[in-house]
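Number of protein chains: 2
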Amino acid sequence: MELLKNKIEQEGIVLSNTVLKVDSFLNHQIDPNLMSEIGKEFAKRFANKGITKVLTIESSGIAPSVFAGLELGVPVVFARKRKSLTLINDLLTSSVHSFTKGETNEISVSNKYINENDVVLIIDDFLANGQAALGLVDIVEQANAKVAGIGIVIEKGFQDGGKQLREKGYVIESLAIISSLENGKVSFEAGNKGEGVN
Amino acid sequence: MELLKNKIEQEGIVLSNTVLKVDSFLNHQIDPNLMSEIGKEFAKRFANKGITKVLTIESSGIAPSVFAGLELGVPVVFARKRKSLTLINDLLTSSVHSFTKGETNEISVSNKYINENDVVLIIDDFLANGQAALGLVDIVEQANAKVAGIGIVIEKGFQDGGKQLREKGYVIESLAIISSLENGKVSFEAGNKGEGVN
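Going down the list, the sequences are from chains A and B. Here the first sequence is numbered in our numbering, starting from 537 and rising by one per residue. Here the second sequence is numbered in our numbering, starting from 537 and rising by one per residue.
Treat the hints with caution; some may be incorrect.
Any copy, or any two copies together, can satisfy a pair, since identical chains are not distinguished.
Simulated pairs of lysine-lysine, BS3-like, Cα-Cα distance not exceeding 30 Å [as the list claims (entries may be wrong)]:
| no. | residue 1 | residue 2 |
| --- | --- | --- |
| 1 | 721 | 585 |
| 2 | 580 | 637 |
| 3 | 543 | 682 |
| 4 | 617 | 557 |
| 5 | 637 | 585 |
| 6 | 682 | 721 |
| 7 | 648 | 557 |
| 8 | 682 | 617 |
| 9 | 637 | 617 |
| 10 | 699 | 637 |
| 11 | 721 | 648 |
| 12 | 543 | 648 |
| 13 | 576 | 543 |
| 14 | 557 | 682 |
What the hints contain is simulated information worked out from the structure, not anything from laboratory work.
For reference, chain A alone in the conformation it holds in the complex (with noise of 0.2 Å):
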């Protein structure tokens, strides 16, 4: 998606070679008309899948689902994370190791929300690891729902997430795929616009 891999190139910060900063648009000040216009692209790319339900982790994956669910039509659910275990009744829940912050978080999700009849779309904003995105498929197939897929704003290419998540067979829609930051630069996947910036 262009409009989004160009406010990556003038906005994003390189903190690491594995760390990018987006808290102009997306992680902290949120860019409303970006959001939308990836709202509609994830409804684009997911149209005609009988998604019933849109299901995302707060607190950066919000903007971009309230959006897409608008387009679709469709309620959006977003996870709740809490540091210690809580045994509530009637939750759905599941553990989601953050490599970054080095902590281990449940997230949970009210099994009134989801059930056997939803085909849900899960969206996050960023694909590193995987963890959110698996223990968001946990939850939904907990729930015995479907998932329809996976609506990635930022997918980090060069970590292994979104790889085992393909090979589960999972569908995947990334709106930028990020192929490496080392140097300083943002460079995106092959067949993307593959200028760095700095």
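Assemble chain B onto chain A, guided by the hints.
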């Protein structure tokens, strides 16, 4: 806002005399159509105020805010909550006590995204004792920016946050003001649709 009040009557769950659960369309599952209408309503109520930015707080403030930001044509910034106080350069921070959860969180916003030229619309999902809104006001004022007003989806009129903030001179626009949750019934403030539910 009739659409919102009808939704509260149909789907809100009164858990006690002070707690209303609206997990089906705002706090866990999100109704994107309703959020889009809410965003438009905030934009209408705060039109011609020279707003340059919407400020909210993760996670439930994000959905109504991004639609308001889209309509107003301005970026949205969401404050992050964290339990422990970590001093990081360039962060505007404030303490917010939650009476419901019995804990104090620090909320923070990068000073890159709010500055003295900004005219800020603060948006939040609920207004009860006003602690979150006061924390957001504090952050805007630390940045020497101007508070244009405060947009609230659901105000609990029987708690004193709204009174406190109005006495300080802030303009508050609440789309639904609840006067009472007694006897398991939602009552709206006079002048609004006053019928209970249950």
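Hint check results:
In this assembly of identical chains, the alpha carbons of residue 721 and residue 585 never lie at most 30 Å apart, being 36 Å within a copy and 40 Å across copies at closest. When the C-alpha separation of residue 580 and residue 637 is checked against a cutoff of 30 Å, the pair qualifies neither within a copy, at 34 Å, nor between copies, at 41 Å. Only between protomers do residue 543 and residue 682 lie at most 30 Å apart by alpha-carbon distance; the minimum there is 28 Å, versus 33 Å within a single protomer. Taking the closest pair of Cα atoms, residue 617 and residue 557 come within 30 Å of each other both inside a single copy (21 Å) and across two copies (19 Å).
For the homomeric pair residue 637 and residue 585, neither the shortest alpha-carbon distance inside one copy (35 Å) nor that between copies (40 Å) is at most 30 Å. With identical chains, the CA atoms of residue 682 and residue 721 are never at most 30 Å apart, being 38 Å at best within one copy and 37 Å at best between copies. Only between protomers do residue 648 and residue 557 lie at most 30 Å apart by alpha-carbon distance; the minimum there is 13 Å, versus 35 Å within a single protomer. Proximity of residue 682 to residue 617 under the C-alpha cut-off of 30 Å is restricted to the intra-copy arrangement: shortest distance 22 Å within a copy versus 33 Å between copies.
Taking CA atoms no more than 30 Å apart as the test, residue 637 paired with residue 617 passes in both settings, with 13 Å inside one copy and 16 Å between copies. Taking the shortest alpha-carbon separations for residue 699 and residue 637, only the intra-copy value of 22 Å comes in at or below 30 Å, while the best inter-copy value is 40 Å. Proximity of residue 721 and residue 648 under a CA criterion of 30 Å is satisfied inter-copy only: 22 Å between copies versus 44 Å inside one chain copy. Proximity of residue 543 and residue 648 under a CA criterion of 30 Å is satisfied inter-copy only: 17 Å between copies versus 37 Å inside one chain copy.
Proximity of residue 576 and residue 543 under a CA criterion of 30 Å is satisfied in both settings, with 17 Å inside one chain copy and 26 Å between copies. For a Cα distance limit of 30 Å, the shortest separation of residue 557 from residue 682 across copies, 28 Å, qualifies, whereas the shortest one inside one copy, 32 Å, does not.
Taken one by one, the earlier hints fail for this structure at numbers 1, 2, 5, 6, listed in ascending order.
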